[in-house]
Each structure stands twice: as structure tokens, then as C-alpha cells.
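K.L.:
As they're listed, the protein sequences go chains A and B.
First residue of the first sequence? That's 21 in my numbering, and the numbers climb one at a time after it.
First residue of the second sequence? That's 21 in my numbering, and the numbers climb one at a time after it.
I should point out that these hints are in silico values taken from the structure, not numbers from a laboratory.
Treat the hints with care, as some may be off.
Since the list gives no way to pick out one identical chain from another, each pair is judged satisfied if it fits inside one copy or across any two copies.
The list that follows gives simulated cross-link-like pairs (lysine to aspartate or glutamate, EDC-like), each with its CA atoms no further than 20 Å apart [claimed, not checked]:
no., residue 1, residue 2
1, K314, E239
2, K353, E31
3, K278, E22
4, K284, E225
5, K65, D170
6, K40, D176
7, K353, D295
8, K204, E276
9, K353, E218
10, K273, D189
11, K65, E168
12, K278, E319
The structure displayed is predicted, hence computed values, not measured ones.
Protein chains: 2
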Amino acid sequence: MERTEISDLGEFGLIGLMTKELTHQQPSTLRGVGDDGAVLDPMGKRVVVSTDMLCEGIHFDLSYVPLKHLGYKAVVVNLSDICAMNAMPTQVVVGLGLSNRFSVEAVEELYAGIRLACEVYKVDLVGGDTTTTGSGLTLAVTAMGLVEPDAVVGRDGAGDGDLLVVSGDLGAAYMGLQILEREKNVFQAAPTAQPELEDFSYLLERQLKPEARVDVIREVGDLGLRPTSMIDISDGLASEVLHLGTSSGVGFKVYEDKLPIDPKVYDTAREFNLDPTLCMLSGGEDYELLFTIKQDDYEKVRNHPKLTVIGHSVAAPDAFTLVTKNGPEVPLKAQGWDGLKGRSEDQPTT
Amino acid sequence: MERTEISDLGEFGLIGLMTKELTHQQPSTLRGVGDDGAVLDPMGKRVVVSTDMLCEGIHFDLSYVPLKHLGYKAVVVNLSDICAMNAMPTQVVVGLGLSNRFSVEAVEELYAGIRLACEVYKVDLVGGDTTTTGSGLTLAVTAMGLVEPDAVVGRDGAGDGDLLVVSGDLGAAYMGLQILEREKNVFQAAPTAQPELEDFSYLLERQLKPEARVDVIREVGDLGLRPTSMIDISDGLASEVLHLGTSSGVGFKVYEDKLPIDPKVYDTAREFNLDPTLCMLSGGEDYELLFTIKQDDYEKVRNHPKLTVIGHSVAAPDAFTLVTKNGPEVPLKAQGWDGLKGRSEDQPTT
Numbered sequence: 021m022e023r024t025e026i027s028d029l030g031e032f033g034l035i036g037l038m039t040k041e042l043t044h045q046q047p048s049t050l051r052g053v054g055d056d057g058a059v060l061d062p063m064g065k066r067v068v069v070s071t072d073m074l075c076e077g078i079h080f081d082l083s084y085v086p087l088k089h090l091g092y093k094a095v096v097v098n099l100s101d102i103c104a105m106n107a108m109p110t111q112v113v114v115g116l117g118l119s120n121r122f123s124v125e126a127v128e129e130l131y132a133g134i135r136l137a138c139e140v141y142k143v144d145l146v147g148g149d150t151t152t153t154g155s156g157l158t159l160a161v162t163a164m165g166l167v168e169p170d171a172v173v174g175r176d177g178a179g180d181g182d183l184l185v186v187s188g189d190l191g192a193a194y195m196g197l198q199i200l201e202r203e204k205n206v207f208q209a210a211p212t213a214q215p216e217l218e219d220f221s222y223l224l225e226r227q228l229k230p231e232a233r234v235d236v237i238r239e240v241g242d243l244g245l246r247p248t249s250m251i252d253i254s255d256g257l258a259s260e261v262l263h264l265g266t267s268s269g270v271g272f273k274v275y276e277d278k279l280p281i282d283p284k285v286y287d288t289a290r291e292f293n294l295d296p297t298l299c300m301l302s303g304g305e306d307y308e309l310l311f312t313i314k315q316d317d318y319e320k321v322r323n324h325p326k327l328t329v330i331g332h333s334v335a336a337p338d339a340f341t342l343v344t345k346n347g348p349e350v351p352l353k354a355q356g357w358d359g360l361k362g363r364s365e366d367q368p369t370t
Numbered sequence: 021m022e023r024t025e026i027s028d029l030g031e032f033g034l035i036g037l038m039t040k041e042l043t044h045q046q047p048s049t050l051r052g053v054g055d056d057g058a059v060l061d062p063m064g065k066r067v068v069v070s071t072d073m074l075c076e077g078i079h080f081d082l083s084y085v086p087l088k089h090l091g092y093k094a095v096v097v098n099l100s101d102i103c104a105m106n107a108m109p110t111q112v113v114v115g116l117g118l119s120n121r122f123s124v125e126a127v128e129e130l131y132a133g134i135r136l137a138c139e140v141y142k143v144d145l146v147g148g149d150t151t152t153t154g155s156g157l158t159l160a161v162t163a164m165g166l167v168e169p170d171a172v173v174g175r176d177g178a179g180d181g182d183l184l185v186v187s188g189d190l191g192a193a194y195m196g197l198q199i200l201e202r203e204k205n206v207f208q209a210a211p212t213a214q215p216e217l218e219d220f221s222y223l224l225e226r227q228l229k230p231e232a233r234v235d236v237i238r239e240v241g242d243l244g245l246r247p248t249s250m251i252d253i254s255d256g257l258a259s260e261v262l263h264l265g266t267s268s269g270v271g272f273k274v275y276e277d278k279l280p281i282d283p284k285v286y287d288t289a290r291e292f293n294l295d296p297t298l299c300m301l302s303g304g305e306d307y308e309l310l311f312t313i314k315q316d317d318y319e320k321v322r323n324h325p326k327l328t329v330i331g332h333s334v335a336a337p338d339a340f341t342l343v344t345k346n347g348p349e350v351p352l353k354a355q356g357w358d359g360l361k362g363r364s365e366d367q368p369t370t
């Protein structure tokens with residue numbers, strides 16, 4: 021494979037390469053890359069801003085994450101935060117730190133993923149900064165979005181008796197990671213072994229190429245539904261339920277038998293001797309939306325194919341419980357990934 | 021000195037520490053830290069966004085840059101980019117990557133500098149992300165600012181015969197760096213030697229604690245002066261003149277005898293056997309503003325204590341010349357720091 025050193029291209033050459041043929045799809049983007057700052061026209065709306073930093077060896081392992089997928093995911097996790105405020109993402113800026121281990125071709129792969137995410141979500145890449153690092157790869161993405169002034173939804177608006185709703189299904193991204201780590205171990209033990217990944221495409225896609233639920237934000241808006249509070253699931257369902265409750269000053273009761281799980285997640289968890297419920301509660305990286313609605317809005321979500329009511333809030337703050345399938349209520353705890361596998365180095369930090 | 025491990029505090033403990041007592045000073049800040057995203061009310065104005073990444077060993081050397089100064093500077097260099105669009109900075113978000121070499125006390129020092137910059141510039145810290153890195157310290161700052169829709173100034177508006185104006189004086193930050201490196205070498209050779217820094221306070225302050233020229237933006241606005249193009253000086257005057265010219269499709273003639281220099285910069289450059297003009301042209305990190313105005317506006321800047329007319333644009337694109345003190349014109353080249361000292365590892369990006 022061809023390898024061009026970044027130093028051969030220089031900083032401005034690299035920027036030129038990364039920004040060539042950049043087009044804008046958002047009417048709110050007035051100026052993008054190429055000046056001291058991008059210029060946005062918020063069109064009378066509120067601007068939502070969110071930032072995330074991803075570091076090699078902490079948030080991703082390049083031995084099994086392709087660079088293109090990494091670029092895609094780095095953008096998507098930020099767009100998910102914008103969605104979680106009930107806003108539509110419109111622009112991103114990307115800071116990129118690279119050691120000289122990376123070639124120009126590697127940067128092009130990474131940017132191909134970044135561009136693809138921008139294309140898919142019709143979000144404009146309007147700025148960035150590229151620099152050398154002593155070691156490793158660091159990605160810092162800041163996303164912006166727009167929302168009507170009266171439509172902002174924070175974590176703090178859940179009231180007593182609100183219904184707790186989650187989009188999609190849970191636990192798949194975590195099981196995808198288990199598959200990747202197993203294959204990495206197999207490969208290290210026997211480098212000529214062929215990976216067995218075909219059966220796990222859904223799980224791998226959820227881990228390597230997560231999506232931000234802009235579709236859910238759009239459909240919820242179309243239904244005339246205004247969530248009272250909302251958050252996206254990056255650390256795991258249990259942790260996010262606690263965040264919503266703590267911010268809103270309420271507790272939550274979650275019903276185990278209501279939690280949405282894909283059959284493949286269930287089967288694979290069993291194969292790995294993991295509790296499927298624990299994977300859903302603490303796996304994380306699902307990037308689904310978790311929100312509360314007024315009970316009066318129940319009919320709007322009841323048969324919605326993308327939404328599941330999984331519980332409700334209770335007046336007592338700090339009362340977070342899981343109603344188990346066989347009856348008893350147990351405390352709902354945010355164990356993070358530590359609790360699952362004792363691997364604190366993998367804990368995502370949002 | 022006390023040392024608390026970041027792992028003892030945990031991610032949420034650290035975030036709590038960093039965001040305690042955060043207050044907002046900008047009416048445009050509706051929600052800050054504590055949700056998936058910050059929410060801004062742009063108040064009918066355009067939003068300007070800029071991002072920068074600073075990496076240990078590349079952009080700063082912690083053996084002589086105090087963490088508090090680093091935090092201050094990381095914010096200021098971004099505010100300077102906002103000013104360069106003729107906007108007033110209003111918010112920042114900060115991404116922070118830290119290895120376990122750093123204690124909680126070190127993070128507090130860094131944040132003290134970030135907070136101080138926010139206080140001084142009345143800018144709100146509205147979001148961030150803190151994470152572990154494999155090694156070193158990485159800071160990713162994204163700044164936002166507001167500007168009236170018709171007041172945005174890019175790099176691309178200079179016309180033929182416009183006057184070229186610079187704020188403040190040039191070369192001091194670069195000479196400050198020379199002093200710091202000399203003292204570092206002295207210290208490595210003789211660790212008990214006392215540093216001789218008293219005489220160089222202006223130079224050191226310009227290097228360690230640069231300021232963004234919001235005052236200049238405000239005064240230029242008060243004068244009813246609308247620059248036709250503008251950029252801030254991060255890489256060095258020559259490089260920035262070339263950027264303005266290339267973006268605007270004009271050339272520039274710069275007059276050596278007009279370049280503003282502090283006597284201390286001149287004397288210290290001589291002491292280091294460096295050409296003072298070259299320090300001004302290529303030293304960089306001055307974070308002064310470089311802009312063009314119509315000739316008709318000359319009277320507005322003529323006696324302004326903060327502004328100096330240093331040249332003018334010419335119709336021929338790519339014609340960049342320096343009219344030297346002793347007469348002949350020489351090509352104006354962006355040598356960067358390479359040309360000065362052959363130390364490419366110190367070259368600032370953006």
C-alpha cells in the first residue's frame with residue numbers, strides 16, 4: 021500500500037487535501053473552512069453546541085476499528101448529543117491530532133468517514149485544526165445544531181408520573197465490542213485464522229458504525245410530541261436513567277420485561293455467559309434516545325415501531341428501581357463497564 | 021505539594037470540580053454545562069465558530085509553561101480567531117485529554133487559567149469533555165462569537181490600494197520564547213542557577229499570556245471603521261499577509277521602517293544575534309490583528325495609539341514585497357519558525 025508522509029505534504033497541503041470539494045448542504049452555513057472562523061446564520065433559532073474528545077487506546081483500538089469507521093463514529097456521537105437536546109445537527113468542526121505513525125493515506129481514510137457522516141446527516145464540516153501529537157491519534161469534534169426557541173429539551177424537565185421511553189434496542193454495541201475483542205485475541209494467538217464475523221453483522225455495525233437518531237427527533241416532532249426530558253445513551257441505560265432523574269429531581273421505575281433487545285444480542289450474551297439485561301442496562305454506546313413524555317401522550321407512542329415505553333418516573337428523588345421479570349424490585353445502579361467486565365480502561369467518558 | 025489522583029475522583033467528580041461555581045456573563049448563554057449540549061440565543065446575530073488543538077511537546081513545553089498560563093493561552097488564541105472575523109467572543113467549550121501523570125491539583129491549575137481567561141474576556145465556558153490519554157496533555161478549544169449580519173469580515177475582501185494595518189507591536193512573543201528556552205538550557209546545565217527573567221517581563225508575558233484584541237475590535241467598530249479583510253497573527257506577519265493577499269486576490273507591499281517593534285524586542289533580538297525584522301515578520305504568536313481598510317479611512321487610524329499602517333495592497337496577485345529600510349524591495353516570504361532557527365517541531369499550526 022502506498023504511504024505518503026504527512027511531513028512531505030506540510031500542514032497547508034494536508035488541510036487542502038482534507039477540505040477539497042467540501043460542499044455545504046445547510047442554509048445556515050454562510051462560511052465554512054478557509055478563514056479564522058466559520059460563520060453561521062441561526063435563522064431565528066437557538067444554537068446547540070456539544071463537544072467530545074476521542075483518544076486512541078482509551079476510546080478506540082485501531083487494531084480492530086477501521087479508520088473510516090472511526091471518523092464516522094466520531095462525528096455521529098456528537099450529532100447524537102445535539103439530537104438529545106431535541107435539535108437537528110447542522111455543522112461540525114473537527115480537531116485532529118496525529119503522530120508521525122500516520123500516513124497521508126490514513127488521514128484520507130479517517131476523513132472519508134468524517135465526510136460520509138456529514139453527507140448522511142446533511143451536516144456541514146465548517147472548520148478544524150490539524151496538528152502533530154507526540155503519540156497516538158486524538159479526535160476532538162464539536163457539533164452544532166438548531167432548534168426552535170420553545171422546543172429545547174434538557175435533562176431536567178421530567179415530572180412525577182411521566183412515561184420513560186427509549187428508541188431502538190439496547191445492548192448490541194456492547195456485544196459487538198465483545199465479538200471484536202474475542203477476534204482480536206484469536207488473531208493474536210493464531211494470526212492466520214480467519215475471523216468469524218459474518219453472523220454478527222448487526223452487533224458489529226452497532227459498535228463500529230453507530231447512528232444518531234435524527235429520524236426519531238424528526239418523527240417525534242411530527243407526532244406533535246414534546247419530550248419533557250431527554251438524553252442519549254452513551255454510558256448505558258442505567259447511568260442515563262440516573263442522569264435524567266437526578267437532573268429532574270425525580271426517581272424512576274424501569275421494567276425489565278419491557279427493555280427492547282434484539283434476539284441476536286440475547287443469544288450472543290448467553291454465548292458469552294453474560295446477563296442480557298445487564299448488557300442492556302450497562303453496555304453503553306447504543307446512542308439511542310431516552311426521554312420522558314406526559315402520560316397523556318401515551319397513545320402517540322404506543323404502537324410506534326421505533327419507540328418503547330420502559331417505565332415511568334416516581335415522585336421520590338433517588339428512588340431508582342428495576343422491576344425484574346420474576347417480580348421483586350431491585351435498585352437500579354449505574355455500573356458502567358466496570359461492573360460487567362472489570363475493565364475500567366474501556367469505560368467511555370461521553 | 022498535595023497530589024490527588026484523578027482516578028480517586030472519577031470522571032464525574034472531576035467534572036464537578038471543574039464546573040463548580042461556573043457563572044454566565046453573556047445574555048446569549050441560555051444553558052451551559054450539565055446537559056448533552058449548551059444552548060445559545062444568537063440574538064439575531066451571526067455565529068462565528070473557531071477551533072484549535074494544542075498538544076504537549078508540540079505547542080507547549082510544560083518544563084517552562086505554567087499550567088495556569090497554558091489554560092489562559094489555550095482560550096485566548098481561540099478568542100483571537102473570533103476577533104479576526106470582526107466578532108465578539110461569547111462562549112467556549114473545552115476538550116481536555118490527560119495522562120495519569122497529571123494530578124487533580126494540576127487540572128485545577130489548568131482550569132484556573134481557563135476560568136481567568138473567561139472572566140477577563142466575559143466569555144462563558146459552556147461545555148467540555150474530559151478524558152484520559154495514553155500520554156501527554158491535549159487541549160481542544162472551540163470558541164463562539166456573535167457579530168451583526170452585515171459586519172462579518174473575512175480574509176477575502178481586500179481590494180487594490182487598500183491600506184494594511186496592524187495592531188500593537190510585533191516579535192515580542194517570539195523573543196519571549198527564546199528567553200524561556202535559554203533559561204531551560206541554563207537550568208539543565210546547572211539546576212541551582214537562578215533564572216534571570218526580571219528584565220524580560222514584557223517579552224515573557226507576550227509569550228506566556230497573550231491577549232486577544234477584543235479592545236481593537238471594539239474601538240475599530242466605535243470609529244465606524246469597517247476593515248475590508250482581517251486575520252490574526254499566529255504564524256507571523258509575513259505568513260498572514262500572504263494569506264490575506266491569496267484569499268483576496270491581491271498582492272501587498274510592506275514597509276520595513278513602518279513595522280511596530282518594542283525597544284526591548286529590538287535589543288533582545290540583537291543580543292541573540294537575530295535580525296529584529298525577521299523576528300517581526302516570522303516570529304508569530306503575537307495574536308495582533310492584521311487588516312485592510314479603504315484609503316478614505318486613513319484619517320481614522322492615522323494617530324490611533326494601537327494601530328499602525330504598515331503598507332498597502334497592489335493589484336497584482338502574488339506580488340508580495342518588503343520595502344527595506346535602505347531602499348531595495350525584496351520578496352516577502354513566509355519562512356515560519358523554520359527559517360529563523362531550523363526547529364520545525366516548534367512550528368505553530370493555524
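K.L.:
Now, for every hint given, state plainly whether the structure supports it.
P.N.:
Do the hints match the structure? See the list:
no. : hint        : result
1   : K314 / E239 : within (17 Å within a copy, 52 Å between copies)
2   : K353 / E31  : between (47 Å within a copy, 17 Å between copies)
3   : K278 / E22  : neither (51 Å within a copy, 49 Å between copies)
4   : K284 / E225 : within (13 Å within a copy, 61 Å between copies)
5   : K65 / D170  : both (9 Å within a copy, 19 Å between copies)
6   : K40 / D176  : between (42 Å within a copy, 18 Å between copies)
7   : K353 / D295 : within (15 Å within a copy, 65 Å between copies)
8   : K204 / E276 : neither (32 Å within a copy, 61 Å between copies)
9   : K353 / E218 : neither (34 Å within a copy, 57 Å between copies)
10  : K273 / D189 : within (18 Å within a copy, 64 Å between copies)
11  : K65 / E168  : both (5 Å within a copy, 16 Å between copies)
12  : K278 / E319 : within (17 Å within a copy, 74 Å between copies)
When each numbered hint is compared with the structure, violations occur for hints 3, 8 and 9.
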